[in-house]
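A.B. asks: Each chain, written out:
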Amino acid sequence: MNFEIPNFLPAVPEMFVLGMACLILVIDAFLPDSRRDVTYGLVQATLVGAAGLTLWLMGPETILTFSDTFVKDPMADILKLAVYVTSFLVFLYSRPYLMERGIHKGEFYILGLFAVLGMMIMISGHNLLTLYLGLELLSLSSYALVAFWRDNSRATEAAMKYFVLGALASGLLLYGMSMIYGMTGSLDIAVIAAELVAADESLNIPLVFGLVFLVVAVAFKLGAVPFHMWVPDVYDGAPTAVTLFIATAPKIAAFAFLMRLLVEGMGPMHADWQGMLIILAVLSLAVGNVIAIAQTSIKRMLAYSTIAHIGFLFMGILAGTDSGYASAMFYVIVYAITAAGGFGMIVFLSRKGFEADQIDDFKGLAKRNPWFAFIMLLLLFSMAGVPPTVGFYAKLAVIQAAVGADLVWLAIVAVIFSIIGAFYYLRVVKMMFFDDPQEGAEEPVQPSGALATALSINGLAVLLLGIFPGLLLSLTHYAIIG
Amino acid sequence: MFADWPILSLLIWLPILGGFLVLAAGRDAPHVARRLGLAVAVATFVASLPLWFTFERGTADMQFQELASWIPAFNVNYHLGVDGISMPLILLTTLITVVVIVAAWESVKDRIAYYMAAMLVMEGLMIGMFAAMDAVLFYVFFEAMLIPMFLVIGIWGGPRRVYATLKFFLYTFLGSVFMLVALIWMYIQSGSFLIQDFHALQIGLTAQILIFLAFFMAFAVKIPMFPVHTWLPDAHVEAPTGGSVILAAIMLKIGGYGFLRFSLPITPDASAVLDTMMIVLSLIAIVYIGVVALIQSDMKKLIAYSSIAHMGFVTLGFFLAFYIYSNTGDWEGASLGIAGGMVQMISHGFISAAMFLAVGVLYDRLHSRQIADYGGVVNTMPWFAAFFVLFAMANTGLPGTSGFVGEFMVILAAFKADFWIAFLAATTLILAAGYTLWLVKRVIFGAVANENVAGLSDMNRREFFLMGVLAFFTLLLGVWPAPLLDVMNATIDHLVAHIAQSKL
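Residue numbers (my numbering), protein chains in the order written: chain A, 1 to 482; chain B, 1 to 504.
Keep in mind that the hints are not guaranteed to be accurate.
DSS-like cross-link-like pairs, simulated, lysine-lysine; straight-line CA separation at most 25 Å [stated by the list, open to error]:
(1) K301/B to K109/B
(2) K167/B to K301/B
(3) K105/A to K352/A
(4) K367/A to K109/B
(5) K105/A to K161/A
(6) K167/B to K367/A
Anything over 10 Å on all C-beta distances counts as not near chain A; from chain B, calculated [stated by the list, open to error]:
(7) A25
(8) L38
(9) G58
(10) G81
(11) L201
(12) W231
(13) V292
(14) R369
(15) A372
(16) G434
(17) E451
(18) A482
(19) A497
(20) H498
(21) Q501
It is worth saying that the hints were derived from the structure and are not from the lab.
If you're wondering where the values come from, they're calculated on a predicted model, not measured in any experiment.
Glycine included, each C-beta is placed from N, C-alpha and C at the ideal position.
Next up, chain A with everything else stripped away, as it sits in the complex (with noise of 0.2 Å):
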């Protein structure tokens, strides 16, 4: 029996975030609560390493290592930049609104660091078992986040919720991952699509079977209508820093797993998938951008909203292009940054017994701070899709793989929802431009500190990234057509 030893240089940043992990908890434990930032501090050290590395790492080539079950290719090097991207704006934004409420400790920066090594295992995952292991440290550092805030009852209510729906979802994927396993005989994602191709007919029910667990569970995961329940009650109930972590970097993740196991893996069973992801896109811009114009509370309007973007991202996936991947990938980086935007606005506006979450509280932000009006201003025209903001060519590039895929009315049915949507972003621009501020609330709103300038630089940079959008569409189309 042979021996190798694995090629560790792929999974390096994914052991150094592990290995830092488990350091910063050593340490966090000695440390006293007046000196919290220290965690902080090296949490974000940790991800600017990890980016480092990923850097350093880089190459156009594919890599498989560990008995093929971890990847390295040009795609998961771009996701996990992202990754590591938003997280570090996450962190930046939510260490003023946990230093406010008391609630600024070392276990929010940990769980968060193992989430997003969760994610990177998800984005490098090349075996169900990868896949699914990436997945559940995602998860079960997410429901403690959501929960983390243990005085809250709304927030605990959100975590059970949570965990209960996220709980049956990994069981519906298991389920499916299982059926998989005994029609075609393997883990491996590379194996698993060879059988696929060559198997015989009277596979073909059993197999669309198990592909339909998947499909329910990846759905489930990203919020798709009708699996979308949780999405608002979670958004809503959860602590806004948390929001703002678990609305903006998984998304990028569960992009990569969708890939990952529907593309790589069941890509030869296209055509049954696309049929499925049709369904859960349309309803999903329906739901999310119809329900999103009845909500009063800004979180769960912005929740109803990221129903709606999932519905766009799975129209880039389903049309089974490269250039659909592509434009998809596109979609999710955007997303992300704009979503860590639209909830790090909330976070900036919030003050101790003031959370900033209702669509009220945004009434006469011209007047209060006319820039970061501004800046909001562009996070939702980005988020509606109007150039010049970078949400604008997310958009034009999913309807583009949907067209060039010949399904022209899916891409009308989408622009009329997106319409629709315009009309609640709108309205949040309306309040904070043309209505005088709340009774209470006309004192202007003083920016400060890292917050500030971040939030900024994140709303500039939805802007910069529309009027030369060149560069990071080249870098997915990189990515996912080499």
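Place chain B on chain A using the hints.
C.D. replies: Quick look at chain B alone, frame taken from chain A:
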């Protein structure tokens, strides 16, 4: 000497960056904001003059071209260029922006720096849209200009401004997204987003009709045509004076420009099939909306409806082409109709701007737009009355004013098509005379209606200057339209030759 300059980029980015500069420098200093805003607008206008003077008249080629790679992944380029259709519209934009900036000098009091910045940014975006040769670039500018306009109406507008501005935004957004799908579809077919490649693309009739309808949604809303015109009176009434002027003088022209740049050359066969629909809708706009204008009690609303009726002439002129060809077998009358529509667009740019400014002058003094609140203004504001009557006459299409030239050309073309079309189109001369002169009678003439009117003071130098500039161009174009026609001729002939060839 200007041929090598990136003059179009200059015209786009100077006002946009200038607008942000105004915002940065003038936030707490209204005087700085005003002067800087004016300086940027004038500089842009001056920079646009070489377009007119060095433009090569005898060719339909795109001139002053600039090309740079922008989004290589989709083969989208930053590709600018102008021809005889877009160049006059760019000049109109730079001129009207100066007028709007000057008009806001005293009448906008709240957050003047933001107002100036919005107007300047909008100017750059509109010029970019007229100069774009790449469909995505066009679309980006086309949509992006909604944002500043949305804010202008919403922040500085009247009491129902929120309703009006949301309606404005959603209507235009609704129209344009379908165009986006059509553009992407053509990109998939041709592999390029260059508008001229779309012109050359062979498309089957069914696809052409669908594409035509997508463009129709975008441009008919913008211009606006019956029955998707209802946002315009609302937006006009609620918008501040400057917003109304930009809307009427330039934004409406974008619809007409879109028909010429996209609908006709890309889908000539669909245009030929659907020309009856377009002609009927245009005639409804001319006759029905003309009647609607008669009964308005709000001055701005009246002028807004009059704009829709006049824009009906533009679309009529454009789409008569196919009708004329199928009747007479020659394309000569077609050029006449299209050229007439173009002249009408430019002329309406001056006249509608002047009419809205005139209402603004009255509104600044009495804060009312109701016709019933005025009467006998001539007694207290003789200079104003003189200008008002001049522009009213131009609005009715009196010979010697620019309003006459375009309408005359279109009616002439209509006679080649069908007597009854010409007859119905010509009713506008009566209807426009009816609603405009009745407006003049009730507002300007007669005895002084009330104390407020008695206390009016005549126009100041600034207002006089604005009216004077617009009057000059209205009369110049009325008595000597040849230079404008010279600029457009080659392009329009080329366009007609292009649409004469079936793509089937």
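A.B. asks: Please flag the earlier hints that this structure goes against, numbers listed from lowest up.
C.D. replies: none
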